[in-house]
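A.B. asks: Protein sequences, first through last, are from chains Z and U. Residue numbers for the first sequence follow the UniProt record's numbering, beginning at 1 and rising by one. Residue numbers for the second sequence follow the UniProt record's numbering, beginning at 1 and rising by one.
Don't take each hint at face value.
[Unchecked claim] Simulated pairs of lysine-lysine, DSS-like, Cα-Cα distance not exceeding 27 Å:
| # | chain 1 | residue 1 | chain 2 | residue 2 |
| --- | --- | --- | --- | --- |
| 1 | Z | 699 | Z | 638 |
| 2 | Z | 728 | U | 212 |
| 3 | Z | 699 | U | 218 |
| 4 | U | 218 | Z | 730 |
| 5 | Z | 12 | Z | 427 |
These are computed hints drawn from the structure, not numbers from a lab.
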Amino acid sequence: MGQKWYRKNVVKSIWILAEHVFLLVMAASFLWLMSYPVLRSEIFNGTHADQYEDTKAFADQVLHTGEGISAGIAQKEDFETDGYYDPDKIIDAAKYVGSDVAGGGSESLSYRLEDMVAWGEALNQDTGEAAGDEGNIIVCRRSDGTYHYYEYSEFQDLIQNGELSFVMASEEGGMTQEEILLSLRDRTFSEGMSDLFKGVQDQEGRILYVDCWNYDGYWYKEECKTAEGKSILDVANEDPAWNGHLSEAFDIVDTAVQSVYWNMDHYQRLLESYQEGDTNLTYLYVDQTAKEIVSNREEYREGQDLEATLDKIRESGKYAIIYPRLADFETNMKNVDAAEWRNALQVNGKEDAYIFALSVDTTYPVQDSFYTESQTYAQYGGTAVWVFAAGVAAAILFALGLIWLTLAAGRRPEDEALHLNSFDHWKTEIAALLVFVLWLVPVLLLGSTVSMTSAVVYDEYGRIVHANAFQNSVYSSTGNTVAMTVMILYSCAMFLAGYLSLVRRIKAGTLWKDSLLRSIVKFIGRIFQNLSILWRIVLIFGVVILFHWIAFFSYGSFFFFGLMVLSEVLIFVYMIKDALGKQRIKKGIEEIAGGQVDYKIHVDGLPREQQDIGEKINSIGEGLDRALEKSIKSERLKTDLITNVSHDIKTPLTSIINYVELLKQENFEDPRIRRYIEVLEQKSQRLKTLTEDVVEASKVSSGNITLEYMNINFVEMIQQTSGEFEEKFKARNLTEVLNLPQEEVMIRADGRRMWRVLANIYNNAAKYALEGTRVYADLQVVDGHAVFSLKNISQQQLNISADELTERFIRGDISRSTEGSGLGLSIAKTLTEMQGGKFELYLDGDLFRVTITF
Amino acid sequence: MSKILVCDDDKEIVEAIDIYLSQEGFEVCKAYDGEEALKILKNEDVELLVIDVMMPRLDGIRATLKIREQNNIPIIILSAKSEDADKILGLNVGADDYMTKPFNPLELVARVKSQLRRYTRLGSTPAGGQAVYSTGGLTVNDDLKEVTVDGEPVKLTPIEYNILLFLVKNQGKVFSIDQIYERIWNENAIGVDNTVAVHIRHIREKIEINPKEPRYLKVVWGVGYKVEKL
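Just chain Z, same shape as in the assembly (with noise of 0.2 Å):
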């Protein structure tokens, strides 16, 4: 309890106020300082000056100021005529934006400096509303490569009029001359696709041009001729310097009068802002080449004595006063570095014998905005650094509390549990939307009330150079500061709402669970799913070659190239992935084929129609383990079975078989009680024989018992058995013809297994073969495998299959009195497959063979 009172709704709703309150804090402060540009970058730069005049913002608003000045005087000579503003100067736009593209010989492209100037305004205030009719120009080309340019209506009067008029290229040719016409019209001719017609002749069949096409290049409405009274159209016909540049020639017009429009304008503030009286400031340019004086100061630009001149602005306050060279440099001012002062306030360019001073009058008698400036700093300059500070800290703990309303959110002190709110299970778009849609209307209600834009004002370069505005909208009434601090107030609230609902829902998990697009990505999922496969695949495919489609006619779009490279990778990945649950599924397949049935397909990451095909086989698979299982394990229960009721067997067997020899030793006289004793052992023994049989069958067939593998030569092993067997084929007359290679045979099986196949088909031999008879035992290697093969000409009949004579219990039916269990041939294949050999039985009238492959 006492260690989680963090969690407590008190200590939460504390934070929630709190944190209302640092917002406001930093708010406040961001404001203030941002209307006093001055004061804050006072306090980045890490400085503290007493007076403005000795801060950065005063050198940096002595530069800016100095900049204009500098471009204004630049202009001077362009617009002036003997030092005054001359509108019927003629300007040569070639010369003013300093192409050379006519040879620079040409100056047909000459305008009056009032014509451009009135020409910039009318661009800069150019509404963007389309021009309607487009200038059509038909660029008819000589044979001389030279050129005519014609608007398309003066074009079409002289065809119309007969004039001028096409050469068809052939009587059939597709198109006539209205057709040629309305082509040109619609603009869709280019250069070069002249086998329409020949050329251009006139009325008396003279051949003007010989092509002509829509010109394509840069073009835009003329507001006014040059100085001469022509348009560009005429000058690229009539001047040969710029027959060929039309585009050229519009671009470069176009060019000069911006830059005469934005010159002006400096040119203007120069004659305008800066005049003497209305402001503190006071400059002096002198350019020592030309022995021109510039300045804002009559007596200066009168007085002849330069050197008093600039012992006047040294003594007038702060100053600055460049050279060409940097040593040359003074200033009295703080925080100045010569080289950018030098570089930025150079006129034109110029680097040798000129003097540019600078200088303000710090007793400002004026009240201009160096005046404000320091005013302001004045009043503020010792608060803005705590004004700062508490911003920061109001910022820190705002974040604090941001953390630990995050730890806190959803929990509560009396369990772990995490808690949601009944807003928390709102869908998630819904509730960012509703909590935005909250927030921002009547956030934007209040702030049209606010107005923060009129009194702001931007230097050329973007930057507020004089920001009353925060103080103007925020300060000035209380209206708006009531209005913003409710704003910031509400802001503060929706962001807590959300935030913490969005902390909540991402600690319970439910971000992404709740989401409607979520629901949307599954429904389109569900949909998608219950396809069959064969109409996914052509939706997909369908798709992907839209895209191809939407990207071969978007001509080059680079979404919609984007957007099929994209298709045709995801359709890579799509077919990567398929072929590799292929592969996994071959794989399993190909195992539970091959005998592993407890073999499991990794179903984890694969499409979802191979997963459920996987599965599938997966439980196949598991169904023929378990049958398997099932069969392994009855099968050993009749081992475990036989072998325990052999063992019971024995018991009595064993008296049986004793008490026959008792019997035995009796010495009976009668010959039948000897026949009957001789029956009864022999019988014992024959049930002696089957029960060791049986267990040993069944332990075979249930794999019941444990090989040891060894390198066994098989002629050795053949020879062994031989000799084993040597006594019993003698007793039945039998003769043995081994035929054996030289060299060892070596296989790699178990020996007493081993043995156990050669004498049960020994045996076999020795028991069945027609006595007097010869068994032929040979071994051969054929292909690297050992092939052993036992003949003999059988006894009896044989009225069964080879395959029947290993089945366990079947013998030749004849065979059925003699002794033996009639296993043996069923345990020696069984034993040869357990080994990895071949058992082959042959039966061909009477001849008997045994072939056994290793």
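Given the structure of chain Z, go ahead and fit chain U onto it with the hints provided.
C.D. replies: Positioned in the frame of chain Z, the structure of chain U alone reads:
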């Protein structure tokens, strides 16, 4: 004559064994479970024990274990259990021989005699200096060209004798048919037939109680023959 204790829960088997052993002149005590056998052993001067495995109260294996704690008389286990594992277990707990049921009574008698001979003659090694080789109860005296099994002389042909002598001299080592042939006949083994194998079988029939489960001359199938080092 020696006193033999026969222990089996099947009275008829005990009875039959009694008859066979008595015929041979042994004195037979009877017990029908392990406990009984232990009691008799404590009281009587028994020289050999024939014991069944599966019996009520105390089975043959545990009885053998107990007996071996203080007694080293020969023990022959007689059991219906014929698995290799059963035989190994029986011999490991201290039995001297293991016979499976149903058994040939004459074989049992032979084994009993063999065990007794070994037991009574234990420690009597032949005089030194003579070329005598032996393993277990099998002795080959090369000076006298005489072979005895548990003291009983065995008649062998010269070739059989040479083969046995060679194997006994190198007891524990396995020799292939070709190696034996080259040693004994002193010529290269060209004729691949069963001569050696037949001789070996003859030797086995003469020196072993049960030639199918030889004690001395063993067949290593597919590799050769050896005389076990006992």
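A.B. asks: Look at each hint and say if it fits the structure.
C.D. replies: Going down the list of hints, with the structure as the test:
no.: 1; hint: 699(Z) to 638(Z); in the structure: 9 Å, holds
no.: 2; hint: 728(Z) to 212(U); in the structure: 14 Å, holds
no.: 3; hint: 699(Z) to 218(U); in the structure: 25 Å, holds
no.: 4; hint: 218(U) to 730(Z); in the structure: 23 Å, holds
no.: 5; hint: 12(Z) to 427(Z); in the structure: 25 Å, holds
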